[in-house]
Amino acid sequence: MSFSALHSSCVPPGQRFDWWCELISQDVAPTRITSEYTGDFVAGAGAIGLGGVQVTTLSFPAIRSERTPALIRRSDPDVYELTLNAGGDMWITQARNEARMSAGDLGLWNTSRPFDARGLHADGGASRAIMVHLPRAELPFSDSRTDQLLASATATDRGTAAVFARFLRHVVDEAPSMSDQERVRLGPAVWELAVAFLADRLNAHDRMPPEARTRMLLARVDAFIDDHLADPALTPRAVAARHHISVRTLHTLFRTRERTVAATIHHRRLERCRADLENPGLRDIPVYALAARWGFHSPPAFSRAFAGAYGTPPAEWRRAAMGVRPAPPEGRPPTAAGPGM
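So the sequence shown is numbered by UniProt numbering: it starts at 1 and just counts up by one.
One should not assume that every hint holds.
[To be verified] Computed Cβ-Cβ distance ranges for the label pairs, DEER-style:
1. Thr249 x Asn203: 18 to 28 Å
2. Asp116 x Ser4: 44 to 54 Å
3. Ser75 x Asp180: 21 to 31 Å
4. Ala315 x Leu120: 15 to 25 Å
5. Gly311 x Asp227: 53 to 63 Å
6. Ala321 x Arg113: 47 to 57 Å
7. Ser112 x Tyr288: 56 to 66 Å
8. Leu202 x His7: 46 to 56 Å
9. Thr252 x Asp157: 38 to 48 Å
10. Asp227 x Ala103: 12 to 22 Å
11. Arg100 x Ala307: 51 to 61 Å
12. Ser142 x Ile285: 29 to 39 Å
13. Asp180 x Arg100: 33 to 43 Å
14. Arg283 x Asp227: 21 to 31 Å
No wet-lab data here; the hints were simulated from the structure.
Using N, Cα and C, we set each Cβ at its ideal position, and we do this for glycine too.
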């Protein structure tokens with residue numbers, strides 16, 4: 001099975017903490033866990049199989065996790081755990097490094113070395129983490145180099161870290177509704193993004209295959225475009241300048257795409273406008289104001305572009321989405337619905 005989700009609610013309250021400890025030992029690595037909440041330990045865990053890449057999701061109250069030399073000798077999966085802190089504060093120390101991870105940060109730890117980590121109190125009472133298991137032997141970097149990143153926190157507000165974190169969250173959100181085949185196809189993408197993130201932090205891009213570097217650059221461009229659609233100055237030239245490449249190189253990246261760079265920006269802006277027009281919470285905002293939010297500052301030009309893309313003017317699209325019938329011609333009463341209508 002490529003997807004599973006478990007919660008402590010399926011276990012009697014007095015057994016939940018032991019259940020959780022055993023689950024972590026089996027799915028991550030044997031670990032000594034202590035907590036103030038052992039009487040009724042509310043926690044959840046998910047396992048997502050992406051072919052050769054495995055992802056674990058965790059939610060838990062305040063805990064302390066220790067991986068001791070004795071536990072390492074007992075069993076070692078021999079992996080690096082690249083962890084996205086999806087909620088709450090966490091603290092970890094390993095290999096003489098120490099870091100406090102805020103929500104949204106990425107961190108790395110090694111199952112083959114002792115560590116001490118704590119999930120601290122979080123808003124809402126639970127900490128959340130998404131862990132990508134990276135086999136040490138398959139990474140293109142030496143252990144001595146990769147270990148430089150142990151117990152360090154990296155913000156995910158820009159660059160490769162932002163792309164990786166965003167993609168990882170999407171995978172976790174969509175995994176329950178995917179087929180096994182779809183999840184397997186995502187494995188290489190998660191692996192490449194993880195390796196690209198590590199390469200960025202280690203300044204080791206020379207260890208990545210050229211095709212992987214190209215895909216990573218394209219992913220960063222996509223994320224940049226999505227984040228700046230509201231900026232009227234978003235143009236192919238601005239995109240290229242932000243990524244320190246020529247406009248020609250940027251256009252070359254998009255040759256395999258259905259749309260050019262400019263057409264991609266235009267299409268995604270229209271898609272954002274369409275979503276806003278269908279949003280009941282935005283029904284009182286004028287159409288032209290919604291268009292201006294996404295870079296369209298000429299109402300007539302926006303109406304033409306929207307109708308050209310979707311076959312219907314934006315105001316009519318909104319009425320249809322809200323289930324509002326168009327007003328009848330002046331002097332003609334609305335048609336009454338007959339029996340069975």
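### Message
Under the constraints set out in the numbered hints, which ones does this structure not fulfil?
### Response
Hints 2, 4, 5, 8, 9 and 12 not satisfied by this model.
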